[in-house]
Amino acid sequence: MACLVEMSNISKSFGGSKAVDGVSLKLMPGTVHALMGENGAGKSTLMKILAGVHQSDSGKIFRDGRKVGFETPREALEAGISTVFQELSLLANLTIAENMFLGREPVTAFGTIDRARMRRETRKALAALGLELNPDVLVSELSIAERQFVEIAHGIKADASVFILDEPTAALNAADVEVMNAQIRRLRDDGKAIVYISHRIDEIFGICDTMTVLKDGKLVATRPLSGMTPDSLIALMVGRELQDLFPARGTTSSETVLELEDFRIDPDSKPLSLHVNKGEIVALAGLEGQGQQQLLRSLAGLYRASTGSAFIKGKALPLPAQKPSGIRQLQARKVGFVPEDRKEEGLFLGLSIAHNIAVGLSSVHGELSIAHDYREAIAETMTSMNIRASGPSAPVGTLSGGNQQKVLLGRYLASGLDLLLIEEPTRGVDIGAKAEIYNLLRSFADAGGAILVLSRETVELIGLCDRIYVVHGKAIVAELPAETATEHQILNAALSA
Amino acid sequence: MSAIVKHPFLQRLLRVPPAYYVFAILLITLWIARPHMLNANIMGIFIRQVAPLGVLVLAQLLVMRVKSIDLSGGGILLLVNYVISSGIFPGASMPFFIGLSLAIGTAIGLFNGWMIGKRRVSAVIVTLAVSIILVGFVQYLSSGKPPGDVPSYLNDIYNIKWGPAPVPVLFWFALTVVMALFLSKTVFGRYVTSVGENPEAAHFSGVPVERTVILAHTLAGFIAAVAALVQTASIAVGSVRVGLDLPILAVAATILGGVVFGRGEGGVWGPFFGVLSFALLFVVMTTFGIDDPGKLIAQGLIILLAAIFYGIRTSRSN
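From first to last, the protein sequence lines stand for chains X and V.
At position 27 of the first sequence the residue is numbered 27 (my numbering), and the sequence of numbers has no breaks.
So the number in my numbering is just where the residue sits in the second sequence, counting from 1, plus 1000.
Careful: at least some of the hints might be erroneous.
Claimed, not checked - Using 35 angstroms as the maximum straight-line C-alpha spacing, the simulated DSBU-like pairs for lysine-lysine come out as follows: (1) K343/X / K474/X; (2) K1185/V / K343/X; (3) K334/X / K1118/V; (4) K315/X / K1118/V; (5) K67/X / K215/X; (6) K1067/V / K334/X; (7) K1185/V / K334/X; (8) K1185/V / K323/X; (9) K313/X / K1118/V; (10) K1118/V / K323/X; (11) K218/X / K18/X; (12) K1067/V / K343/X; (13) K315/X / K334/X; (14) K343/X / K1118/V; (15) K1067/V / K323/X; (16) K313/X / K474/X; (17) K1118/V / K474/X.
The set of hints was computed from the structure by calculation and includes no laboratory data.
Just so we're clear, the structure is a prediction, and the values are computed from it rather than from any experiment.
Start from the sequences, fold in the hints, and give me the full structure.
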């Protein structure tokens, strides 16, 4: 049987890091092909290359045996490759029909848009999925599941034979997952090839025929799913060697710094409780987007749906925190929130290192008080953190990623805080800077600080932390001592929840 | 082109606010063409004319540094002028007028700040609407006719000189010094710089972003009222048309001075020289016998050049 799509030896780098490295993949008609791998293994990048969103640096793509190259998503769609991304690409203020024909509206003999035909064909494509939606309804009025169906219908209308579904069930409830799976089987029975990316092992085994595992951008294996067990699948996904990057763990006290009780990330999610002690680094681990970030952000007033009680050193922190004052409220309690996106949320790229650090020290004072230059504190921070720059007046935007990240951390470390809430402490920094950052965080904890940290890199959390909470489905599903934890254990805890 | 623009020396030149160049060029032109004009008394009179604009620019640069804008200055100028000249408070003392004017300006600034900082309404729309409302309100109160006279003591103060330097110019200079110190030495100044560079990062660093924007606008309203007092003292009569072009000139001088939305590289002195440049421009144009329409065109061209100048810099830094 001829394959519909063959990707051969595909590579793609972003900046210096290889996201996809020499991966080959064949998609056969009438199959559901699972694409598996940890966060950042390269699944989404590989599929975005197939969908024309990214262009590969090297490698070839064959469609029905012919070599092709897609410059835009539309070219891919015209070649019969339809994609439903995690971040939906429908325009909320247009109707279903308008979305389906966006940019390719049929015209009447008078040159006006042929709305009747748009409606008719939209209804037909939706009917192929067994859906009865009014084509004139605005997409903003649809549920997430319905929007995904509309995207699939979009592919059906374009007569696509390859459907890429990137975590189609991540935002769906159990009933909608069933409907979605029924649709996927229907497509499969029509002889289409479906690529299915999901973190839910049970779904993979329920619906897929073949699976490909990626790891660190490289192909691990492609096998039929019939010979696999959930355990052997997870074993393929993990098993990276721990690098010798991490400082020795310290001793933790029993003095609680942060405590959450009966805390619900969303009003209808399961209650959870956690605590962080003085001298401790505690991780929120698990697969991406399971609520770790919402948990952390809700303490800073950046996510408002959470309920429950939070205590910092025994004193209640009012929840939900207000957005304008959440960060300052934490600051007043000697808690720092280190955001993930250092370029947008963290740093003032056009301003000096000195300003970037001093703003944290200044902002606890009133508007009319004198702004000290904190020359010594800044010089000391730059030395102790080994920030490589021409001087404190160098604009942060001119520094390397690792040094930028150190400046960001420096702002919080210099402010004499007791607790740090950190998102992605080492995102986009090289290995040397990573080791330095781990050491800095550990010395902060050894000096009596406490840290609650989340990261997409499970290995980092295991190496850096003392204790790990595994978060899945907006609940804590396991608590493990980091010293003995393995990636396998964490993945297993998350997936078996 | 790009190779030239990348040259480090040129880069440094490009970082100097255009106001300094314009000022230098105009000064040299005057020195060559009409050296007798460069006399302290003559210059004092010309510079005194832009003192209200100079004060208003302090308000404008403050809000522009937090990525906002204030176009309500015209309305405030008119209302303050009306309150003082209409005689609705017969026999009121000078402190009463000053206090009332400042209160009006501060209240309007607070309203602007609240709408922009808290309600997230577009700054251009809010302040323009406020200005239109105030202008309409004054015209309604005065039924379109110019109100009466300004108490004479205001004009007397305006005409005092300290050596060759007119008091309004000294007052403007002193106010600029205060603003420079305020922005460089207080925590508020650090907040303003942070919000201007990146409001999101400012929020994550614990800067009260909303409050900073509200406070900047409130202060701007207060300063606009001060500018209105200087302006009223200068013209000595009531008017229903006074100062309506001042806000847009203030924006122009601020940009010329190197303060572009959120980028405060020109500091406080860049816009100061921007205003001085406008004063010199009037002198140069007048001595060359160019009328008001020509002055307007020249003004516009200079602003346009300043914008192009920034375009070169921004495209380079990206």
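Taking the hints in turn, this is what the structure says about them:
1. Of the pairs offered as hints, the one joining K343/X and K474/X holds, with about 27 angstroms between alpha carbons and a cut-off of 35 angstroms not exceeded.
2. Distance check on the hinted pair: K1185/V and K343/X sit about 27 angstroms apart at the alpha-carbon level, within 35 angstroms; holds.
3. Between K334/X and K1118/V the alpha-carbon distance is near 26 angstroms, which keeps this suggested pair within the 35 angstroms criterion.
4. Taking the CA atoms of K315/X and K1118/V, the gap is near 29 angstroms; set against the 35 angstroms cutoff, the hint holds.
5. For a cut-off of 35 angstroms, the pair hint linking K67/X to K215/X stands: about 26 angstroms separates their Cα positions.
6. At roughly 30 angstroms between alpha-carbon atoms, K1067/V and K334/X fall within 35 angstroms of each other, so this suggested pair holds.
7. In summary, the hint linking K1185/V to K334/X is supported, as the alpha carbons are separated by about 25 angstroms, within the 35 angstroms threshold.
8. Proximity of K1185/V to K323/X is assessed by CA-CA distance (about 28 angstroms); at most 35 angstroms being required, the pair is judged to hold.
9. This hinted pair checks out: K313/X and K1118/V have alpha carbons roughly 32 angstroms apart, not beyond 35 angstroms.
10. A hinted pair counts as satisfied when its Cα atoms are at most 35 angstroms apart, and K1118/V with K323/X qualifies at roughly 12 angstroms.
11. Between the alpha carbons of K218/X and K18/X the distance comes to roughly 9 angstroms, so the proposed pair stays at or under 35 angstroms and holds.
12. Between K1067/V and K343/X, the direct Cα distance comes to roughly 18 angstroms. Compliance with the 35 angstroms bound is thereby established for this hinted pair.
13. For the hint pairing K315/X with K334/X, the CA-to-CA distance comes to about 12 angstroms; that is within 35 angstroms, so the pair holds.
14. Between K343/X and K1118/V the alpha-carbon distance is near 25 angstroms, which keeps this suggested pair within the 35 angstroms criterion.
15. Taken as a hint, the K1067/V and K323/X pair is honoured in the structure, with Cα atoms around 20 angstroms apart against an allowance of 35 angstroms.
16. Distance restraint check for K313/X and K474/X: the Cα-Cα separation of roughly 25 angstroms lies within the 35 angstroms cut-off, and the hinted pair is therefore satisfied.
17. Of the pairs offered as hints, the one joining K1118/V and K474/X holds, with about 32 angstroms between alpha carbons and a cut-off of 35 angstroms not exceeded.
Violation of the numbered hints given earlier is absent; every hint is satisfied by the structure.
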